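So the protein sequences, as listed, match chains W and L.
Everything in the first sequence is counted per this note's numbering, starting at 408 for the first residue and increasing by one.
Everything in the second sequence is counted per this note's numbering, starting at 1010 for the first residue and increasing by one.
If you are wondering where the hints come from, they were derived from the structure by calculation, not from laboratory data.
Check each hint, because a few of them may be wrong.
[Unchecked claim] If you want a taste of the chain L side facing chain W, the calculated C-beta under 8 Å gives, among others:
hint, residue
1, Ser-1144
2, Asp-1145
3, Val-1213
4, Leu-1214
5, Arg-1291
6, Gly-1351
7, Pro-1352
8, Val-1358
9, Lys-1382
10, Thr-1384
Only a predicted model underlies this, so the values are computations on that prediction, with no experimental measurement involved.
Heads up, the beta-carbon is just placed ideally off N, CA and C, and yes, glycines get one too.
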Amino acid sequence: MNFDYSEEQQLLADSVRRFLAKDYDFETRKKIVASDEGCSAEAWATLAEMGVTGLPLPAEFGGFGGGAVDLMGVMEAFGDALVVEPYLATVMAARLVARAGNEAQRGSVLPRVVEGRMRLALAHTERGARYNLAQVKTAAKPVAGGWQLEGEKVVVLGAPLAEKVVVSARTAKGISLFLVDHGALRLRAYRTLDEMRAADISLQAVKVGADALLGEEGGALPLLEEVTDFATALVCAEAVGAIKFACDTTLEYLKTRKQFGVPIGTFQALQHRIVDMYIAHEQARSMACVAASRADSAQSVRERQLAVSAAKIKIADACRHVSQESVQLHGGMGMSEELKVSHTFRRLTVIAQQFGDAEHHLGRFAALDTEGT
Amino acid sequence: MDLNYSQEELAFRDEVRAWLNANLPQDLRDKVANYGELGREDLLRWHRILAKKGWVAPAWPKEWGGTDWNLVQRYIFEEELGFVGSPPLIPFGLSMCGPVLLRFGSEAQKRRFLPRIYDGEDFWCQGYSEPGSGSDLASLKTKATRDGNEYVVNGQKIWTTLGHCADWIFCLVRTDSNMAKKQEGISFLLIDMKSPGITVRPLVLMDLGREVNEVFFEDVRVPAGNLVYEENKGWTVAKYLLGHERMNTGRVGASKRELAKLKAFASAQPGNDGEPLIRDPRFRDKLTRVEVELMALEITNLRFLDQMRRTGQPPGADVSMLKIKGTEIQQAITELAMQAVGPLAQPFVPVGSDAEFDAFTAGLAPRYCNYRKTTIYAGSNEIQRNIISKMTLGL
Ligand SMILES: Cc1cc2nc3c(=O)[nH]c(=O)nc-3n(C[C@H](O)[C@H](O)[C@H](O)COP(=O)(O)OP(=O)(O)OC[C@H]3O[C@@H](n4cnc5c(N)ncnc54)[C@H](O)[C@@H]3O)c2cc1C
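Bound conformation, chain W alone (with noise of 0.2 Å):
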C-alpha cells in the first residue's frame, strides 16, 4: 500500500502549482474568463512545455502514457486555481482518438495535441438524455463518400474553441463517433456557471468524409462509458484542490473576521462547521484516490464503474457541502462574486453534478452492488 504520489508525479504537480500561482492567479484569471476566447493561448502553451498535453496521450505519439493517478496533483492543482482552459473536453476526445482512430486519424490529431497545437471537443450529450451514456438520438446515415448527421448536442464543453469535434451519433449498428471539422459545425456558444466556454451544437446534414468514422461503427459505447470515468475520476481530483481551497479559505476567514469584538472562529458553532468541511475535504481526497486508480486499473468494467461511482457519489456530496458551507460561513462576502470563494462554489456545484450527479451514480452503484442477488 502507498498512497503518495511518484517523484515524478509529485514533481509535475509541484510545477504545474508554482506556474498556475505566478501567471493564473485569481486577477488574470477574471481577465481570462472576460477575454473573447475565455481562455488563455499561453497558458496552454505552457502546459504543452510542462508535459500536461501529453501525459494521458500514447507515448508513439509523443506523450507520456499517464493515467488518472499520474493526472491527480496537476487537476488537484486546476481545481485550486479555478483553471477554465479546455483540458477536460482535449483530454476526453484526444484519448478516444488514441483508443479508437486509425492511423491516419490519430497521427493527424495527438502530436498536434501533445504539442499544445489542438484543442477538442466531445460532443456527446443530448436534451434530454441527462447522464446516461447510451441514448443518442443524433443520426449518422451513410451517403455517397461518407456520412451525414443529423441532431443536436448540448453543453459541449470547449467546443467554441475546439478545432476538431469527436461527435457521437447512431447509425444502424449502433453509436459511432466521428472526427469532425470545427468549421462544418453550428454553435450556440455561452459561458456555463463555472465560466467555461461551451456550446450547444445544431447538425443539420452535416456531410463528413467516410474517413471521419472514430473506430468501429456501432462500437462507441464501452469507449464512451471509459472515457467517461476517467474524466470523472479526473474532476473527482479538481474537486479535491477546489474543496480544499474553499476549505482553507473559510478557515482563515474564521480567523480574522471579527464579529462582537472577537474572531467568529471563536463561536463553537462555527468550529463544528469547518471541521464537517475538514472531514469532508479528508474523505473527498480518499474517494478520488480510490476513482482514480481504479480507473486506470481496474480488473474489470465493473470494478471500475463501481470505484468511480462510489467516489462520485462522496464527491457530490462534499462539493455541495462544502461550496455551500463556505459561502455561508463567510457571511454577504461569500456571495460576492468579487471574492474568490464565490466561483469556487460555482465550479463545485457544476463538478456535483458533472458527469452524473449523486442520485444517478447511487444508481449505478446499487444496480451494479446488487447484481445477482
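Since chain W is already given, all that's left is putting chain L with the ligand on it; use the hints.
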C-alpha cells in the same frame, strides 16, 4: 382540534386569490415565472395596483390605508401574494419604515412619508449593515454629528438591497460614541438618497445580478427633523422592527408555488431512463421530503398564528424557527431544480448574438446561487439559532 380554516376564512382566501389572479399583469407574471430581473418600475407597478385596490399595507391602521383584516386574514393575504407569483412587495417602506413611523414617528413625519410609501411614490431601502457590522449590528460606526438644525453623516453602509432604485434610505447611525453600551448612542435617521455626498456603488453577487450596493456618506447634511424618535434611542426602534410582523418569514406561499413549478417541470423532464424524472424514486423522495418539510412549516406557522390570536402575544423568539426552516426549504427547492435540469443547468452567460437560452432553465442556476443569501440576510440562521438558544431555551 381543527386544523382547517373556517368557511369565512376560506371565502376570504378565494376572494383574494381570484382578485390577485385577475389583476396581476401577464408580463409581470411571466417575468417572475422565468426568474427575470425585476426593476424599480416592475416593482412599483404591482405596488400601485395593490395600492389602488387598498390592499398594499393591510397591517397599517385604517386611517393610513390599512384593511382592518384580522391576523389570520392578513396571513392568508400574504400567503396568497406569495402563491400567485407576483413581483414581491418590497418590505423596506411598507413593512419596515412604515410601521416604525406609525409607532415612533411624529405627526409631521407620518403625514409626510406614509402616504408616499403607500402610493408607491417613494422607494425605500434599508441602511443597517456596514462592512464591520453585520451580525454584530450594534457595533455600527457610520457617524451623525449634530450641527445646528442638521446632522452631518459620514460612513458607509453595505449590502443595501435596491439602494440603486431608492429615493430614501432609513439608517442606523451613531450619534454618541461615548456610551457605556454600544446599543446606546445609535439613532434612526431618514436620509434622502439625492442628498449631496451620497455615492451608490453596485456590489455584484455571484449570480451576476444587480441587487445590492455599497452606499457611501461623505458630509451628508440631513435635516434634524428626519430623526425618528429620540436621539440615541435608535436601537429601541430597530428592536421594535425586529419583533414586528415576522409571521410571514417562512414564505410558505412562495415555496408552495416554487414546489408546484418544480413538480410540473420534473414531470415534463425525462429522467435517465427516458421516463419522466418525477417517477425516478431517488428524485421523487427528495422532492417529497421537501414537501413534507413545507407542510410542517405551514402548520407550525398556523399554530403560532392561532396562539397569537388567542393570547394576543406575539410568539417571540420562536418565530426565528420559521425563518430557519423557511429559508432551508427555499434553498432546497432551488437545489432540486438544479438537479432536475441536470446538464442543462450549466449555460450561464450567452456569448455572441445568436445565443438563445430557454428563459426558465437558464434562470435556475443563478437562482440557486442567489438563494444562498436567504440563510445569511435578515439575521443569519446562525444568529436565529443563537436567539432561540438564548431567549427560549435560556442557554
Ligand atoms: C443579498 C443580501 C441582501 C442584503 N440586504 C441588506 C439590506 O438591504 N440592508 C442591510 O442593512 N443589510 C442587508 N444585508 C446584510 C445582511 O443583513 C448581513 O449580511 C448579515 O447580517 C450578516 O452579516 P455579515 O455579512 O457581516 O456576516 P458576519 O456577521 O461577518 O457573519 C459571518 C458568519 O459568521 C456567523 N456568525 C456571526 N456571528 C455569530 C455568532 N455569534 N454565532 C455563530 N455564528 C455567527 C454568521 O452567521 C455567518 O455565517 C444583505 C445581505 C445579503 C447577502
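Each hint tested on the structure:
1. The beta carbon of Ser-1144 (chain L) comes within 5 Å of a beta carbon in chain W, closer than 8 Å, and the hint placing it at the interface holds.
2. Taking 8 Å as the C-beta cut-off, the interface hint given for Asp-1145 (chain L) holds, the closest approach to chain W being about 4 Å.
3. Annotation: interface hint on Val-1213 (chain L) holds; nearest CB of chain W at approximately 5 Å, less than 8 Å.
4. With a least beta-carbon distance of about 5 Å to chain W, the hint placing Leu-1214 (chain L) at the interface is held under the 8 Å criterion.
5. Hint status for Arg-1291 (chain L) relative to chain W: holds, with the closest Cβ pair at about 4 Å, below 8 Å.
6. The interface hint given for Gly-1351 (chain L) holds, since its Cβ lies 5 Å from the closest Cβ of chain W, which is under the 8 Å cut-off.
7. For Pro-1352 (chain L), the interface hint holds, the least distance from its beta-carbon to any beta-carbon of chain W being 5 Å, beneath 8 Å.
8. Interface hint status for Val-1358 (chain L): upheld, as the beta-carbon distance to the closest one in chain W is roughly 4 Å, under 8 Å.
9. Interface restraint check for Lys-1382 (chain L): the shortest CB-CB distance to chain W comes to about 6 Å, inside 8 Å, so the restraint holds.
10. The closest approach between the C-beta of Thr-1384 (chain L) and any C-beta of chain W is roughly 6 Å, which is under the 8 Å cut-off, so the hint is satisfied.
Of the numbered hints stated above, none is contradicted by the structure.
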